[in-house]
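All the letters of the sequence shown, read from the start, carry residue numbers -30 to -1, 1 to 378 under mature numbering (1 follows the signal peptide of the UniProt record, and there is no 0).
No wet-lab data here; the hints were simulated from the structure.
Don't take every hint at face value.
In silico BS3-like links for lysine-lysine, alpha-carbon gap of 25 Å or less [to be verified]:
{"id": "1", "residue 1": "Lys210", "residue 2": "Lys223"}
{"id": "2", "residue 1": "Lys166", "residue 2": "Lys61"}
{"id": "3", "residue 1": "Lys151", "residue 2": "Lys61"}
Estimated spans, in silico, between C-beta atoms of each pair [claimed, not checked]:
{"id": "4", "residue 1": "Pro263", "residue 2": "Asn144", "range": "45 to 53 Å"}
{"id": "5", "residue 1": "Met358", "residue 2": "Gly333", "range": "22 to 30 Å"}
{"id": "6", "residue 1": "Arg137", "residue 2": "Ala86", "range": "21 to 29 Å"}
{"id": "7", "residue 1": "Glu34", "residue 2": "Glu237", "range": "19 to 27 Å"}
{"id": "8", "residue 1": "Ala96", "residue 2": "Ala69", "range": "41 to 49 Å"}
{"id": "9", "residue 1": "Gly272", "residue 2": "Arg85", "range": "25 to 33 Å"}
{"id": "10", "residue 1": "Tyr268", "residue 2": "Ala93", "range": "38 to 46 Å"}
{"id": "11", "residue 1": "Met273", "residue 2": "Ser56", "range": "35 to 43 Å"}
All values reported here derive from a predicted model rather than from experimental measurement.
From the three backbone atoms N, C-alpha and C, an ideal C-beta is built for every residue, glycine too.
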Amino acid sequence: MTVDHSTARTSAVSRRFAPLFLLFAPVALALTGCGAESEEVGAHGAAAPAMQVATEAAEGENIELTASLQGRTRPFAVSEVRPQVSGLIQKRLFEEGEAVEEGTPLYQIEDSEYRAAVESASASLARARANANVAVQNAERLKGLVAIKAVSDQQYDEAEAAAAQARADVAMANAALTQAKINLDRTTIRAPISGKIGRSSVTPGALVTQNQASTLATIRQLDPLYVDLTAAATDVLRWKRAMASDLTSAETKVPVTVTLEDGSTYEHQGQLAFSEVSVDETSGTVVLRAIVPNPDGYLLPGMFVRASLPVGQLEDAILVSQAAVMRTPTAEPYVLVVGENGTAEQRMLTIAQARAGDWVVTGGLSEGSQVITSGLQMLRPGAPVAAMEKTQDNSSSNVANAAGNAAL
C-alpha cells in the first residue's frame, strides 16, 4: 500500500490552523457587513453639501456698441520740394527735421544770371516804351494833317499801325521783365506748405535742373494727422443701418479714440471724416479715414494704431464677465446660473462683442439671473450650489477657499 505523504501533510496543516480560521471568521464577516452598510448609506443617505459659489446679478442696460479697427497714420498733406529753375545750390537754409512755415526759404540757387536777365528785360522794356512814345506822337500829328488833306489817308493809317505795334512791343517787354523777375525769385526755393521737413538730398554746390524728377526734400503736415482704418464692407453696411445715417456725414460726427502700439490711449480724440467710395474687390474691405489732432507731434506717419468708434446702441443688453463664460466643444458660449431649485443650470448665450473684460450679451440671459463666477472648473450642470453674491468684501481667495472646502 502506497502512502501519499503530501496529502497527509496538507491535512495536518489544515487541522493545525482550523481553530485560527474559526476565530477570525466572525471579524471578517462583520467588516464585510460594515462596508456594505456604508455603501448603502452613500447611495441612499443624505445628499452631498451644496458648493458655495460667487454670483453676479445680470442687469440690463443700454450699451453703446463700438468697433475696433486697425490702421496706420498718414500725413495730412505732403509736398515734394523741387527746383523750378536750374543752377547751383548756393546755400541750404533749414535744419533737417525742423518745422517750417509756408514761404520759409529752404535753398538758395546762385542767381547772378537771373539778375542779369532781369536787367536785360528792364532795358528792353525801356526801349520799347521810347519807341512807342515816338510812334504815338507821330500818329497824333498825322491825324491833324489828314483832316486838312495835307497827308494821305494811307500815311495816317501806317502811322496808326506803327503806334499800335509799338504799344504791343511795350506789353511784350513788360511780360519778359515779369518772367525774369519770377525766375529770379525762384532762385530762392521756399516751403510750399507748413509742416516738418525731412532730410535734404542735395548739398551746397550741387547742380539742380528745372522740374527735375528727384526731390530736394519732402515736407509733411502732421497736425492734424490722418488715420486710415480698414473695415470689412459688410461691417460698414451694418453700422450704417444701426446708426441710420452715413458714418461720415456732417451731422453724424463719429468720435474716434486712438490706441497706440504699446496699448496706451492717445490723449487727443479724432473724428471720422471720410469713407472710401468703392470696395476693394480682392479683400472686400473699405478704407475709413479719421482726422486726429497732433499738436505735440507725438504721432508720426506710418505708425500702426488701433482705433475704436461707436457704431450703434443696444437696449437692455447684459454685461457678463469674460471669466464666467465657458465654451462648448463647438465653441458655443454659455454660462452657469443658479436655478430655482438651487442647482447649477446651463444657459447658452448670444454675444454681440467684447467690452473691457466683459461680453455684451444680447440673448440667453434674463435680467436678475444669478451668474456663477467662481468654482467653474469643479462645477457641473445639475450640481447643488449655494449662491454667495459677490461684493467688495469677498476677496477671490475667500471664494476659492469656500469652494475648496465645499468640495472636500
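Checked hints:
no.: 1; hint: Lys210 - Lys223; verdict: 13 Å, holds
no.: 2; hint: Lys166 - Lys61; verdict: 19 Å, holds
no.: 3; hint: Lys151 - Lys61; verdict: 20 Å, holds
no.: 4; hint: Pro263 - Asn144: 45 to 53 Å; verdict: 48 Å, holds
no.: 5; hint: Met358 - Gly333: 22 to 30 Å; verdict: 27 Å, holds
no.: 6; hint: Arg137 - Ala86: 21 to 29 Å; verdict: 27 Å, holds
no.: 7; hint: Glu34 - Glu237: 19 to 27 Å; verdict: 21 Å, holds
no.: 8; hint: Ala96 - Ala69: 41 to 49 Å; verdict: 44 Å, holds
no.: 9; hint: Gly272 - Arg85: 25 to 33 Å; verdict: 43 Å, violated
no.: 10; hint: Tyr268 - Ala93: 38 to 46 Å; verdict: 56 Å, violated
no.: 11; hint: Met273 - Ser56: 35 to 43 Å; verdict: 38 Å, holds
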